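J.: These are the residues of each chain, in order.
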Amino acid sequence: MADTMELRDIEVWDGNMAASQALRQVQVDVVAAYPITPSTPIVENYANFEANGYVDGEFVMVESEHAAMSGCIGASAAGGRVATATSSQGFALMVETLYSASGMRLPIILNVVNRAIGAPLNVNGDHSDMYLGRDSGWIQFDAYCPQDAYDLNFIAFKVAEDHDVRLPAMVHQDGFMTSHTAQGVHTMTDEEGFNFVGEFKPMNDMLDLDHPVTHGVQTEEDWHFEHKARQHHALMTVALPKIQETFDAFEKYTGRKYNLVEAYKVEDADTVVVCMGTSVETAMEVVDELRAKGQKVGVVGIRVFRPWPLEQLAEVLKNVKAIGALDRSSPHGTVGMLYNEIAGTMFNTGTKAVLTNYIYGLGGRDLTKVHLVGIFNDLKANMDAGKPTTPLQQYIGLRGPKLSFF
Amino acid sequence: MSEIKKIKNLKEFSTSADRFEGANLLCPGCAHSIIVREVLNATNDDLILAASTGCLEVCTAVYPYTSWDASWIHIGFENGSTAVAGAEAMYKALKKKGRLKQPDRVPKFVAFGGDGATYDIGFQWISGCFERGHNMMYVCLDNEVYANTGGQRSSSTPIGSSATTSPAGSTSYGEKKNKKDMMAIMAAHGAPYVAQVSPSKWKDMVAKIQKGFAAEGPVFINAISPCTTEWKFAPEDTIAITDLATDSLVFPLYEIINGSELNITYRPKNIIPVRDYLGAQGRFKHLFTKQYDYLIGEWQDRVDAKWEQLQRREEARV
Numbered sequence: 001m002a003d004t005m006e007l008r009d010i011e012v013w014d015g016n017m018a019a020s021q022a023l024r025q026v027q028v029d030v031v032a033a034y035p036i037t038p039s040t041p042i043v044e045n046y047a048n049f050e051a052n053g054y055v056d057g058e059f060v061m062v063e064s065e066h067a068a069m070s071g072c073i074g075a076s077a078a079g080g081r082v083a084t085a086t087s088s089q090g091f092a093l094m095v096e097t098l099y100s101a102s103g104m105r106l107p108i109i110l111n112v113v114n115r116a117i118g119a120p121l122n123v124n125g126d127h128s129d130m131y132l133g134r135d136s137g138w139i140q141f142d143a144y145c146p147q148d149a150y151d152l153n154f155i156a157f158k159v160a161e162d163h164d165v166r167l168p169a170m171v172h173q174d175g176f177m178t179s180h181t182a183q184g185v186h187t188m189t190d191e192e193g194f195n196f197v198g199e200f201k202p203m204n205d206m207l208d209l210d211h212p213v214t215h216g217v218q219t220e221e222d223w224h225f226e227h228k229a230r231q232h233h234a235l236m237t238v239a240l241p242k243i244q245e246t247f248d249a250f251e252k253y254t255g256r257k258y259n260l261v262e263a264y265k266v267e268d269a270d271t272v273v274v275c276m277g278t279s280v281e282t283a284m285e286v287v288d289e290l291r292a293k294g295q296k297v298g299v300v301g302i303r304v305f306r307p308w309p310l311e312q313l314a315e316v317l318k319n320v321k322a323i324g325a326l327d328r329s330s331p332h333g334t335v336g337m338l339y340n341e342i343a344g345t346m347f348n349t350g351t352k353a354v355l356t357n358y359i360y361g362l363g364g365r366d367l368t369k370v371h372l373v374g375i376f377n378d379l380k381a382n383m384d385a386g387k388p389t390t391p392l393q394q395y396i397g398l399r400g401p402k403l404s405f406f
Numbered sequence: 001m002s003e004i005k006k007i008k009n010l011k012e013f014s015t016s017a018d019r020f021e022g023a024n025l026l027c028p029g030c031a032h033s034i035i036v037r038e039v040l041n042a043t044n045d046d047l048i049l050a051a052s053t054g055c056l057e058v059c060t061a062v063y064p065y066t067s068w069d070a071s072w073i074h075i076g077f078e079n080g081s082t083a084v085a086g087a088e089a090m091y092k093a094l095k096k097k098g099r100l101k102q103p104d105r106v107p108k109f110v111a112f113g114g115d116g117a118t119y120d121i122g123f124q125w126i127s128g129c130f131e132r133g134h135n136m137m138y139v140c141l142d143n144e145v146y147a148n149t150g151g152q153r154s155s156s157t158p159i160g161s162s163a164t165t166s167p168a169g170s171t172s173y174g175e176k177k178n179k180k181d182m183m184a185i186m187a188a189h190g191a192p193y194v195a196q197v198s199p200s201k202w203k204d205m206v207a208k209i210q211k212g213f214a215a216e217g218p219v220f221i222n223a224i225s226p227c228t229t230e231w232k233f234a235p236e237d238t239i240a241i242t243d244l245a246t247d248s249l250v251f252p253l254y255e256i257i258n259g260s261e262l263n264i265t266y267r268p269k270n271i272i273p274v275r276d277y278l279g280a281q282g283r284f285k286h287l288f289t290k291q292y293d294y295l296i297g298e299w300q301d302r303v304d305a306k307w308e309q310l311q312r313r314e315e316a317r318v
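As they're listed, the protein sequences go chains W and R. Residue 1 is where the first sequence starts when you use our numbering, and the numbers rise one by one after that. Residue 1 is where the second sequence starts when you use our numbering, and the numbers rise one by one after that.
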């Protein structure tokens, strides 16, 4: 039996510690992991918990991220609670197995501390790895601060392990900006934390020796399509409402409220930026400052990136006149990911909103309040003109000559 | 500790209740199914199985069918070892936490992979599992070629073999590299038990599998699996080819305990020339020409040298 850890109501934790503490409190049965900056402390913290009797599951330090997820898949199929953590290059190495985990409907939780992907090699935060995982069939939650990283882990386990869902889930946080920045985090006691998620209930578990089960079959043109369609169906029609239901339950349990789409002062806003990660909180500050000057501005944060909350986002943006889609990843040959998603979301809604795209913050480059004020100025000009007054895609915070496309 | 299954004779052994069904898509004459049955039938204990992508996997779990009457998992080409290691870790976790559904039963954890999955693409994963010391058995179904995808060379493919990515032609005798010595590599991990087996020497094989199941820690079994399709011999000759491999000492049968204690477990009464083994297979047909006859001589020299080395190691207990 693992020892209980006495926590203060508010602990000063960085995002990594917040995630590690959540993994400890839900008493994961198997963690198979491999360290990589900036998610390494999650694995180190967990190792420390194990070394001091605070967890009594198996902690398997493997030889690569691919092996980490492979081990997690074997452990999860065997029938228990499973989690791991990674970033960037390690996430990229894992990608093959991400598809296996979701295709086999295994509720593994993966903490992804977002980081750029080389070349050139870079250890700092951007969303290239998060975007790489977008088609892998996992649920993707996005944390904007250590508190989110803590809370969303409990929510992720609760959703993923639900027998109607049975899909793996990622909890994303920004490398260094969240993972290594200590803030006050409201905690649950070990008992409260565990009870929110509850005991793991196995299904199709290999270790039920009286009921052998075959995992990871082959399907060709006769059945493959049906399997993939069913998985998509589960994400769209089962997981999405289950996430909302779990957000509601979590609010009742802790008083902390999460939404599929986080809208800040959008109700009467003319211009809005849509972004993810720590940028959401920076943008909220800018919105407050601009509103003090009489500008009707707002910010939308995507909380659940997959399944994409299309209806909720369309509802939030329905009266907005100009939208800036902020992408922290190089789109390499097209418009940014969020631009594409928002365009696809709004296209049939009858909106007249002008949509433009900003590429920012690659490799950990700061997004400053000055940048955001400039973007809101662009959006205001677009609204007044009723059409884009700038190129559709601009690079923000880039050194050298200005770069823009389309 | 569970009891070791007593097997009196081949008839009884071959009629044991199968947890690997005859209903599968493997080629007629494929040795894989013989090896798998011999491994599974060597124990009455529960089994948790994994397979890497390959012939065995694609021929035994095509939805909505399965040939496995024991829990079985496949993830990808390289990670059958780690799949079963993950399951083994979960077993240990649930045992500690008192959550096993059948706490009195101790399952065996076994992963199967071809030589491509073992010698090449899955090598790192196997090495990791062995270094960590999972309680598992890894069985390589060594047919010395990527048979599932049509006969491309692997690092187990022997010199002079014509494979589709190292074909024999007017300027080439086929594969140029010597077969990797996986036995030595796996023994170097300090594994408690490493053995080479042949499905035709079933008593030797069952004894080794049972030793492996009794060992604590990771066990490596390298099983010769003649491939009727890629080695190019008649399907009814599988066992005869297997016998030629062991009796020519091309595939010697031995075990290494705790990384150092080497025992030769089969000494052919009449050692046959390597030439006879090569001549029985189409993949070496092109060697039987004046131009390449020297390669057969070199083959024999290598086999003799290896046999000499194994005997010296056995004698010296190193």
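Treat the hints with care, since some could be wrong.
Not everything, but these chain R residues come out facing chain W in the computed CB check (under 7 Å) [what the hints assert, rightly or not]: (1) V58; (2) C59; (3) A83; (4) A93; (5) G98; (6) P103; (7) R105; (8) V106; (9) S260; (10) N263; (11) G279; (12) L295.
Label-pair distances were calculated between CB atoms; the ranges are [as the list claims (entries may be wrong)]: (13) R:D181 / W:M5: 28 to 36 Å; (14) W:D135 / R:N9: 36 to 44 Å; (15) W:K352 / R:L25: 54 to 62 Å; (16) R:Q102 / W:N52: 51 to 59 Å; (17) W:L398 / R:E216: 57 to 65 Å; (18) R:K177 / W:L398: 43 to 51 Å; (19) W:E44 / R:N258: 31 to 39 Å; (20) W:D3 / R:N258: 31 to 39 Å; (21) W:A51 / R:Q309: 50 to 58 Å; (22) W:H163 / R:A214: 37 to 45 Å; (23) W:L392 / R:T171: 54 to 62 Å; (24) W:M203 / R:D181: 39 to 47 Å; (25) W:F225 / R:A214: 57 to 65 Å; (26) W:E44 / R:G217: 21 to 29 Å.
To be clear, the hints were calculated from the coordinates, so they are not data collected in a lab. Because the structure is a prediction, the values reported are computed rather than measured. Each residue gets a CB set at the ideal place from its N, CA and C atoms; glycine is no exception.
J.: Now tell me if each hint is right for this structure.
T.: Structure-based check of all given hints:
For V58 of chain R, the suggested interface contact is upheld, since its CB lies about 6 Å from the closest CB of chain W, less than 7 Å. Interface hint at C59 of chain R: violated, since its Cβ lies 9 Å from the closest Cβ of chain W, which is beyond the 7 Å cut-off. With a least beta-carbon distance of about 4 Å to chain W, the hint placing A83 of chain R at the interface is held under the 7 Å criterion. The beta carbon of A93 of chain R is positioned within 7 Å of a beta carbon in chain W (closest approach about 4 Å), and the interface hint is therefore held.
Restraint check, G98 of chain R versus chain W: the minimum CB separation of about 9 Å is more than 7 Å; hint violated. A hinted interface residue such as P103 of chain R counts as satisfied when its beta carbon comes closer than 7 Å to some beta carbon of chain W; here the least separation is about 10 Å, so the hint is violated. Annotation: interface hint on R105 of chain R holds; nearest CB of chain W at approximately 5 Å, less than 7 Å. Taking 7 Å as the C-beta contact cut-off toward chain W, the hint placing V106 of chain R at the interface is violated, the least distance being around 10 Å.
Given the 7 Å rule on beta carbons, the hint for S260 of chain R is violated: about 24 Å separates it from the nearest Cβ of chain W. Interface hint at N263 of chain R: violated, since its Cβ lies 30 Å from the closest Cβ of chain W, which is beyond the 7 Å cut-off. Violation of the interface hint for G279 of chain R is found here, the shortest Cβ-Cβ separation to chain W being roughly 37 Å, above the 7 Å cut-off. This hint is violated: L295 of chain R has a C-beta 38 Å from the nearest C-beta of chain W, more than the 7 Å allowed.
For the pair D181 of chain R and M5 of chain W, the beta carbons lie near 49 Å from each other, so the given range of 28 to 36 Å is not met. At about 56 Å, the beta-carbon gap between D135 of chain W and N9 of chain R misses the expected band of 36 to 44 Å. At about 59 Å, the CB distance of K352 of chain W to L25 of chain R agrees with the hint of 54 to 62 Å. Checked against the hint of 51 to 59 Å, the C-beta distance between Q102 of chain R and N52 of chain W comes to roughly 32 Å, which is inconsistent with it.
At about 59 Å, the beta-carbon gap between L398 of chain W and E216 of chain R stays in the expected band of 57 to 65 Å. Between K177 of chain R and L398 of chain W, the C-beta spacing of about 49 Å keeps the proposed range 43 to 51 Å intact. The hinted window of 31 to 39 Å between E44 of chain W and N258 of chain R holds, with their beta carbons roughly 33 Å apart. At about 36 Å, the beta-carbon gap between D3 of chain W and N258 of chain R stays in the expected band of 31 to 39 Å.
Taking 50 to 58 Å as the suggested C-beta distance range, the pair A51 of chain W and Q309 of chain R does not conform, at roughly 44 Å. The hint said 37 to 45 Å for the Cβ distance between H163 of chain W and A214 of chain R, and at roughly 38 Å that hint holds. Between L392 of chain W and T171 of chain R the beta carbon distance is about 57 Å. The supplied range of 54 to 62 Å therefore holds. About 43 Å separates the C-beta atoms of M203 of chain W and D181 of chain R, a value consistent with the hinted range of 39 to 47 Å.
The hint said 57 to 65 Å for the Cβ distance between F225 of chain W and A214 of chain R, and at roughly 46 Å that hint is violated. A hinted range of 21 to 29 Å holds for the C-beta pair E44 of chain W and G217 of chain R, which are about 27 Å apart.
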